[in-house]
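Engineer: Please model the complete structure; the sequences and the hints are all you need to start from.
Take 1 as the starting number for the sequence shown in the numbering used here and just add one per residue.
Hint data in this document are derived by calculation from the structure and do not stem from the laboratory. In this text the structure is predicted, and so the values were computed from the model without any measurement. It is possible that part of the hints are untrue.
Said to hold, decoys possible - So the derived label-pair ranges between C-beta atoms look like this:
#, residue 1, residue 2, range
1, ASP339, VAL265, 27 to 37 Å
2, GLU310, GLU351, 23 to 33 Å
3, GLU357, SER241, 39 to 49 Å
4, ASP211, SER241, 23 to 33 Å
5, ASP294, HIS376, 30 to 40 Å
Virtual Cβ for every residue (Gly too), placed ideally from N, Cα, C.
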Amino acid sequence: MADDAASPVSSSRIESAAAPASIVEDPGTGSTETAPDPAARPASASPAVTAPEEMTVPADADAVLPTEEAPGSGDDGGRSPAPDAPPTEDSLPAAEARQGNWFTRLMGVVTRRPATAASTAAAADSAGDDVIVVTGLRKSFGETTAVDGIDLTVRRGTFAGIVGPNGAGKTTTLSMMTGLLRPDAGEVAVNGVAVWDDPERAKRMLGVLPDRLRLFDRLTGAQLIYYAGVLRGVDAATVRSRIPELAQAFGIVEAINRPVSDYSVGMAKKVALASAMIHSPRVLVLDEPFESMDPVSTSTVVDVLKRYVEHGGTVVLSSHSMDLIARVCDDVVIIVDGDVLAAGTVAEVSEGGSLEERFLALVGGAQTAEGMEWLHTFSD
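Structural biologist: Given below as structure tokens:
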């Protein structure tokens, strides 16, 4: 086992139980070792969230950390505490102060000035009520126009839902908003920072769950979240302390030390969402976050996101569930054929009816299937 300096994740645990046994490869040396046997854990103990003790990386792992200031880091790129101290317990509501951990204060971090360059903080303060402003966004693939000059805004501290039929341009729009896809024309600003003029600065303020989960599935969930954190510039000790809290909040304690390849789609989404939140961004942009999630998991994630918004964060999400959008979101944007057909609060867009009725009216309603009489008789 490599010494503590070489290990990116300490033995921080929710309970002092041993981690599940596994064979672990050291990426620096190629050597393997056996992690603790689960038999060593008392039968009554909960699974440990170790974030995980048995993982090792090369001794010079700090070399992968950014050298510029980033959220949760100081002037030296994540090797010292941020100049802004975390919220004190005196500044928190009594119930949160009693619990006193990072995740309960969630996102007390998002309501203070970020530990980034002063110009980033100034841009955020001067951006006004709109945290995201999209102007004239356009994207074509060959002769197909996916997004046709979209304009939209997202209010700070809200849930904003983006809905539309399949192929409407939702994912393309979200990808351009977050710097994952370059537009043919148009501009996107996050907290007053132009995404395509200054992508590094803009992306510091974003946490992204893309439409397709491209995860390193040979890593454990804890390892994946760890690397997401340090690559965002958060110091290793802070990342270590946050992983068990995220695992507990998302209900993935028992899976956190297993390879991602063993996860269900819903579980992988929760780990990817935890990775998007590890650096406590100002804005979360989530493409179909609840797809393949069971109702219990959906309720858990919604609760986490609501608390994030209550503390000053902003969530932009796409979904095909009109009921969920109407129940959770403050604002909604309906996109059809790459254009915005309606935008505003859920009540404004619904126009006195249900959101689903309004959506069907805008997109042309359900198509009536004709023919296929053969399906009305049976082969046996």
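Engineer: The structure should be examined with respect to each hint, and the outcome stated for every one.
Structural biologist: Verification of the hints:
1. For ASP339 paired with VAL265, a C-beta distance near 31 Å keeps the hint of 27 to 37 Å intact.
2. Range check, GLU310 to GLU351: Cβ separation about 28 Å, and the 23 to 33 Å hint holds.
3. Checking the proposed 39 to 49 Å range against GLU357 and SER241 shows it holds: the Cβ atoms sit about 47 Å from each other.
4. Judged by the Cβ atoms, the range 23 to 33 Å given for ASP211 and SER241 holds: they are separated by roughly 31 Å.
5. Between ASP294 and HIS376 the C-beta distance comes to about 34 Å, which sits within the given range of 30 to 40 Å.
Consistency note: the structure conflicts with none of the earlier hints.
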